[in-house]
Amino acid sequence: MVLIPGDTGSFDAHHPPRRELLDDCVHCGFCLPTCPTYAVDGEEMDSPRGRIYLIDLAQRGEIPLDRTLAGHIDSCLGCLACVPACPSGVQYDLLLAATRPQLERHVPRTRRERLVRRAIFAVFPYPARMRAAALLGVLYRRLGLRALAHRLGLVDRLPAELRAAEDLLPPVPVRSLFRRPPPIVPAVGERRLRVALLEGCAQRVLFGDVNAATARVLAAEGCEVVVPPGQRCCGALNLHAGLEDDAAARARRLIDTFETARADVVVVNVAGCGSSMKEYDRLLADDPAYAERAARFAASVRDVNELLAELEPRAPRHPVRAKVAYHDACHLANAQRIRRQPRDLLRAVPGIELTDIPDAEICCGSAGIYNLVQPRTAEELGRRKAANIEAAEPDVVATANAGCLLQVRRFLSADLPLVHPIEILDASIRGVPLERARR
Amino acid sequence: MSTATTYRPATLAELRDALVDSAGERLAVAGTGSATAWGGEPVHDAVLDTTAMSGLISCNPTDLTVAVQAGMPFATLQETLAEHDQWVALDPARAGTVGGLVATADAGPVRHTFGSLRDSVIGVTVVLADATVARSGGYVIKNVAGYDLAKLFHGSLGTLGVLAEVVLRVRPRPAATATLAVPCDAATAFDLGGRLIHGSLEPVAVEWCDGTLLARFDGTSGGVEDRLRRARALAGSDATDAPADAWSVVADLVSGDDGDTVVRLGTAPDRTPELAALVAREAAAHAVDAAMTSSPFAGAHTVRLRGGSAAAHAAVVTALRTEQPAVTVCRWTDGLRAELPAWGEPPPAVAVLRAVKRAFDPDDRLGRGRFAPWF
Amino acid sequence: MSWSAELTEALGRANVITDPARLRTYECDGLTGYRVQPAMVVLPRSAAEVAAAVRVCARHGVPFVARGAGTGLSGGALPVADGIVISLQKLRRVVEVDPVNLRAVVEPGVTNLDISKAAAPYGLYYAPDPSSQQVCTIGGNVAENSGGAHCLKYGFTVNHVLAAEVVLADGTVTTLGGDSAQLPGYDLLGAFIGSEGTLGIVTQVTVRLLAKPAAVRTMVADFATVAGAGDAVTGIIAAGIVPAAVEMLDNLAIQAVAASTESVYTPDTVAALVVELDGPPDDVAEQFDEVQEICREHGCTKIMVAADAEQRRLIWTGRKAAFAAVGRISPDYFVQDGVVPRGRLAEVLGRIAAMADDAGIRVANVFHAGDGNLHPLVLYSEADGEHDRAERLSTEIAELCVELGGSLSGEHGIGADKACSMPRMFGEDDLATMLRLRTAFDPDGLCNPGKVFPTPRLCGERPGKYRPHPLEEAGVIERL
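Protein chains in written order, with our numbering: chain A, 1 to 439; chain B, 440 to 814; chain C, 815 to 1294.
It should be emphasised that the hints constitute simulated quantities derived from the structure, not laboratory data.
Just to be clear, a hint being listed does not mean it is correct.
[What the hints assert, rightly or not] Residues from chain B shown here face chain C by an in silico Cβ test under 8 Å; the list is partial:
{"no.": "1", "residue": "Gly554"}
{"no.": "2", "residue": "Leu567"}
{"no.": "3", "residue": "Ala573"}
{"no.": "4", "residue": "Leu588"}
{"no.": "5", "residue": "Lys590"}
{"no.": "6", "residue": "Ala614"}
{"no.": "7", "residue": "Thr616"}
{"no.": "8", "residue": "Ala620"}
{"no.": "9", "residue": "Arg634"}
{"no.": "10", "residue": "Val643"}
{"no.": "11", "residue": "Ala685"}
{"no.": "12", "residue": "Val688"}
{"no.": "13", "residue": "Arg703"}
{"no.": "14", "residue": "Asp709"}
{"no.": "15", "residue": "Gly738"}
{"no.": "16", "residue": "Val795"}
[As the list claims (entries may be wrong)] Derived lysine to any residue pairs resembling SDA-like cross-links, with alpha carbons at most 25 Å apart:
{"no.": "17", "chain 1": "C", "residue 1": "Lys931", "chain 2": "A", "residue 2": "Glu353"}
{"no.": "18", "chain 1": "C", "residue 1": "Lys967", "chain 2": "B", "residue 2": "Asp524"}
{"no.": "19", "chain 1": "C", "residue 1": "Lys967", "chain 2": "C", "residue 2": "Phe1102"}
{"no.": "20", "chain 1": "C", "residue 1": "Lys1026", "chain 2": "B", "residue 2": "Asp630"}
{"no.": "21", "chain 1": "C", "residue 1": "Lys904", "chain 2": "A", "residue 2": "Gly42"}
{"no.": "22", "chain 1": "C", "residue 1": "Lys904", "chain 2": "A", "residue 2": "Glu353"}
{"no.": "23", "chain 1": "C", "residue 1": "Lys904", "chain 2": "C", "residue 2": "Thr846"}
{"no.": "24", "chain 1": "C", "residue 1": "Lys1026", "chain 2": "B", "residue 2": "Ala514"}
{"no.": "25", "chain 1": "C", "residue 1": "Lys931", "chain 2": "A", "residue 2": "Pro358"}
{"no.": "26", "chain 1": "C", "residue 1": "Lys904", "chain 2": "A", "residue 2": "Ala298"}
{"no.": "27", "chain 1": "C", "residue 1": "Lys1026", "chain 2": "B", "residue 2": "Arg634"}
{"no.": "28", "chain 1": "C", "residue 1": "Lys931", "chain 2": "A", "residue 2": "Pro84"}
{"no.": "29", "chain 1": "C", "residue 1": "Lys967", "chain 2": "B", "residue 2": "Ala514"}
Just so you know, these numbers come straight off a predicted model, no measurement behind them.
We put the beta carbon where it would ideally sit given N, CA and C, even for glycine.
Next up, chain A with everything else stripped away, as it sits in the complex (with noise of 0.2 Å):
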C-alpha cells in the first residue's frame, strides 16, 4: 500500500488522526499497565497500543471503519492514564478525540445503543431533567419500591445499563437537590480574585452541598464568587462520547454565559467538565466567531483545586482527623495534569494523614456515561477500586469528580464516607467537623 501524503485512508478529511501522530507511537507497550480496559480483558486491541495501532491501519486505509473498530474505541473510558505513562509522548487523548466522531458519522449505531446513548443525553445535561430523575429516585427508595424491585428480582432482569443508572443513584437528601448557591458570594477580607462557578448537571443536582461548599472556600481565600445564571451543560459527556458538533454548542453557549460574569477566572470542582472546558479552543479553533473567545476561556479556566494551590492561602485551617485516601480523577490526573495540588492542599489541613491507594492509576470506570454504556468492564473496574481502597484502611475517601463519586461509591462495601476534597477544605476553614460540615 503505498501513501499518499494527506491521504486520509479509511477517514474523512474533517480532522482524521493525525499521522504524525500515529508515528509517535513505538509499541514498546509502556501504556498497557495503565490501561483499564487491558487490565480487565488482557486483550491487545483493547489496549492503548491496539486501539492505537487500529487507528493507524485505518489512516492508511488497510482497515475500515466499522462496528469492529468502533468497538473498541468504544471500550475505551478515555481516562488518558496511559498519556503520562508514554514515555514516545503519544497524544492519545488528541487520536482518541479525532478518531471518536468520525466513528458516530460513519458507523451507525445498534438500535439499543441508540436508546440508550438518546436516553442519557436527555437527561444529564439538563439539570430539571435530572432533578426529576433524582426526585423519582428518592421517591422509589423511601417508598420502598427499590427494596420491593431488588426482592421481585426486577433489577435483575433490566438490561445491564439501566441496571447500572439505577445502582448508580446515590441516597440524596431532598432538600440537597435544591441547594444551589447565592448568584454572589463576597470575598473575606481583600479580595483577590472575581471568579465565576460552573454548577455543572449532575454536579448542581446531585451534589448542591459540594458547590456550596466550593463557593464558600473560594470565598474564605479572597476570591469574589459569582453564579452565572441561566448556565447550562458544558458538553463534556457529548465531547468525551464523540458528539462533537453538540458539544461545540454547548461550548459557545457557555462562554456566552461566562463572558457576561467578566470574572478572572472560571472554576471548575468537576474533573471531567473542567477538562472539556479546556479544549474549547481546539473544540471551536474552526469557528471564526468563537476560535477566539474560546482560546481566551479556555485559558482562563481552573479546576478549584488548581486555583487554591496557586493561592497563598489565607483562612486559616483547623484540624480536621482523619485519614484520606485521595482517589485521582481521570479527567484531573492525566487530562489536566493535576495531581499534586489536591494532595498538597489536603496535606496543608492539620490533622489529615493522606494515603495512597494501590494500583491508583487504574480508573474506577466511571468515565462520564462510560458505566452506563460498557456497565460490564465499568463494574469490574468499580469492584477492583473498592478494594484498593479499602486495602488501604482510610476514615475518609476523596476524589474531586462527580462521576468518580458516583461510581466508587456504587461498589464500596465499607460505610466509608465519600468526599470532594474540597468539603473537607471547606470543613477545616470552617473549623467544624467532616460530618457536620457536609450537612
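Once you have looked at the hints, place chains B and C on chain A.
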C-alpha cells in the same frame, strides 16, 4: 575397571580424536575420580580421563571472566584467581575438576547466595559422543544468544558429552569475611537464618551442619564487623565468632570416609527441620550413625550415614526417598548397591531427560547406566 | 473438525480472535520491523486451556507462538502466518507469596514489577529488573532470560527461577526444576529459560525472592569523555566493588531522556555514569565513597548523589524510559543489544562512532557498562529513506560485538531479528548441537518456529562452504 582402556587427551583436538578413536566403545568420563560413585554404576569399555586437560586458557580480570580446560582442578583455578583478588563463587567439599563440578552440579555453602556452577558458567565447549565439537555461550557475562548448553551439562554426570572447556564469571574476593557459629537444632537454625536474611544482614552462607548453625558474612571490614555484631545479638548468648576453618566440618561431612554412605537431596527450605527429624528418627531405628548438613534456604542437604549394615543404610535412604524422591547417592557403603536402586522415583520431566539423552548420545555410549533405572 | 473449530470449542468463542482487524494488532511485538498476521489468536484462561490449545496444534501440525505483553525487542513473539498466537495475558494471578521459603508462585502473565509489589509487604523483592519491568511479563522473562540494570550483581532470570510448569510441544504439562535447585539430572529448567519460546510454553513460574537490601545509594557521575567514564568503571571493578548497577548514557541519550521526563541528568555532559550500590549500610557507605573517589580520579566533572527515594526514582525512570524516549528526538530508531568483553568497551564505542559517521547516521548509546552490554540506538528517518542504511549499521554493530569476542545479544534475544546473524557467532556444529535440544523438546518444530536459528529460506545461506568458527575469527579460540 582396571582392564579398561584409558584415553587421556590433553587438548580439545586430542579429546575429539579420542571420541573418534573410541567409536563403538562405551565410555566412562572421569576427572579426579571424586564423583565416580555418584548415582548408578556406568558400564564401560574405556575411561576418558580429562585430567590432562588442565590448562588455563585465558584469565581476564577486568572482564571478570576466566576460561579453562575442563580438567583443571578447581582448587588450582581458585589459586590462579586469588592472584587477582578474585574467585569463582563456589566452595565445594570435593577436590574435583572444574568440568567435574559442572557435571555433578556440586556446590558448597555459598550456594546460599551464588547458587552452583550453573550460575557462574558463561560458556562451554563440549565434545559429543559422535565427536561433534560444540560451543555455547561465550566470553561475556551477559549473553542470551542461542541455547545454553552449559545448563544442560550441569548435572549430566558424564552422560551427554565431554566438557572440554569452561568459561566462568568471577567475582572480587571480599575484603573481609567472618563467621558466626550457633549450636542449635535445625528448627532454631531455620528460624534464626530467616531472621538474618529478613534483617538484611546478607549472610553469604547459612549452613546448619550437624547441630551448629554457621553463618558467613562477606564485605568491607567495617561492614562485616558490624553485621557480625548484629547477628550475634539476634542469635543470643550461645553464639560465638568462629574461625574461617570452622567450615571444614561441612566439607568433612559431605566427603565422608570409606564405609560411609553419603546422599544429597533437595527440599523446600521450610522442610529442613522435618528432614532433620526424619534423618535422626530413621537412623536411630536402623542403628546407624547419621549426620546432616543443610543449606536450608537453598533447600540443599547432605546426609552421611556411618556404621551399621548396608541394609540399614538402604532402609534409611529409602525412607528419605519417600519424603523426597530426588536423592542422589554420592558414596555407597560396601554392599549398598545390592540393596538399593541407584535412583528413586524419576522427576516429572523424565520423558524430556530421556529425549535429550537420545538426541545427544543416541547409542548410549557415554556413562551408560549412570541414570539407570530412569534411562 | 478443522483445527480452528477445535480451538474455538476448546477455549470458547470469547477467547479466540479470528477477525482480521483484531488479528493485526497481534502481528508484531516491540520490534515493529517484522509483521506477520497470525491465523488466529487464542487467550486461554488456565494452564489446562494452554495445554488444550497446544494439543490441537500438535494434532494438526499448526505452529504456535506464545505471547506475553509483546514488549520483546527481537521479534520473539512474531506470529507465523498459518499458525496461532497463544496470548498468556489472561493468566495473571499471583498464586502465592511464600516469605518463609523466600519465593513466589505466579502465572506467566504477571508483570515483573507486580511480583515485587506482591512481595513488598514482606520486605522481599524479585531481583531481575528489565527496563520494561512494569509491562513485561514473567513468562516473557523466562523465555528471554531477561536481565536488567541490576543483573551485574544479581544475575538474570535463570538465576532466580526455581521451577516452571510448562506445556510441551505435544501438549503435555510437566514441571522443570522443583522445590530446591539441588535436583538430580540435566538442568532442563536452565536450558528452557532463555530458549525464546522454542521449547514450550511456561504456565506457572516459581521465583526466588530476595530480602530488600538495607541500604541503596545511587549517583550520577558526569564525564567529559566516554572513555573516561569507561575507565572509571574499570577502576571500580579493579577495586573489587560489584555495584548493583553501572549504567552509561551518552549525550544523545541524555537529550532524549530530558525530552521525555523530568530529567535529573546534566543536559550537556558528554557521558553520564549511573552507579548504584546496595547492601548492608556500612559496606555500602564505605564503597560508595570509594566509587566517588575513583570517578574523580578518572576526571569526572560532576557527581550528583540521589538525596532521597524520589531522586533515585527520577534517575531510574529516565534511564529505563531511554529507549522509548528516543522517539522524541528521532522519528524512527533501532535498538541494538550487543555485548563485548568489558575491557573492550572503549574500543567498541570508538568503532561504533566511526561507523555511524561513515553511514551518516546518529547513534545514541545507553548501556550496562558493568557487563559490557551495549544498547546503541540507531536513529533514522523512514521518511527520508534512511531505513536500509540504518538497519545495515545496526546489524554491523551487533556483528562487530561478536568480532570483538562478545555476543549478538545480552538480553533482548535473537528472535526473528538476529537469527540470520547467528552463524557469525556460532559454527554449524554449534547450531546443530543446539538443534538437538530443540528436537528433544519439539520434534515437529511447531513451537515458535523461525526464531533463534537461521533458516536458509530466511537468510539465503549458502550451505557447504567452509567458514572458520566465529570465535576463531575473533581470535578467542584456535582451529583444531
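To see whether the hints hold, each was checked on the structure:
| no. | hint | verdict |
| --- | --- | --- |
| 1 | Gly554 | holds, 6 Å |
| 2 | Leu567 | holds, 7 Å |
| 3 | Ala573 | holds, 3 Å |
| 4 | Leu588 | holds, 7 Å |
| 5 | Lys590 | holds, 3 Å |
| 6 | Ala614 | holds, 7 Å |
| 7 | Thr616 | violated, 12 Å |
| 8 | Ala620 | violated, 20 Å |
| 9 | Arg634 | violated, 11 Å |
| 10 | Val643 | violated, 11 Å |
| 11 | Ala685 | violated, 21 Å |
| 12 | Val688 | violated, 20 Å |
| 13 | Arg703 | holds, 7 Å |
| 14 | Asp709 | holds, 5 Å |
| 15 | Gly738 | holds, 3 Å |
| 16 | Val795 | holds, 4 Å |
| 17 | Lys931/C with Glu353/A | holds, 23 Å |
| 18 | Lys967/C with Asp524/B | holds, 17 Å |
| 19 | Lys967/C with Phe1102/C | holds, 15 Å |
| 20 | Lys1026/C with Asp630/B | holds, 18 Å |
| 21 | Lys904/C with Gly42/A | holds, 6 Å |
| 22 | Lys904/C with Glu353/A | violated, 37 Å |
| 23 | Lys904/C with Thr846/C | holds, 23 Å |
| 24 | Lys1026/C with Ala514/B | violated, 33 Å |
| 25 | Lys931/C with Pro358/A | holds, 10 Å |
| 26 | Lys904/C with Ala298/A | violated, 42 Å |
| 27 | Lys1026/C with Arg634/B | holds, 13 Å |
| 28 | Lys931/C with Pro84/A | holds, 21 Å |
| 29 | Lys967/C with Ala514/B | holds, 24 Å |
In this structure, the hints that do not hold are numbers 7, 8, 9, 10, 11, 12, 22, 24, 26, in rising order.
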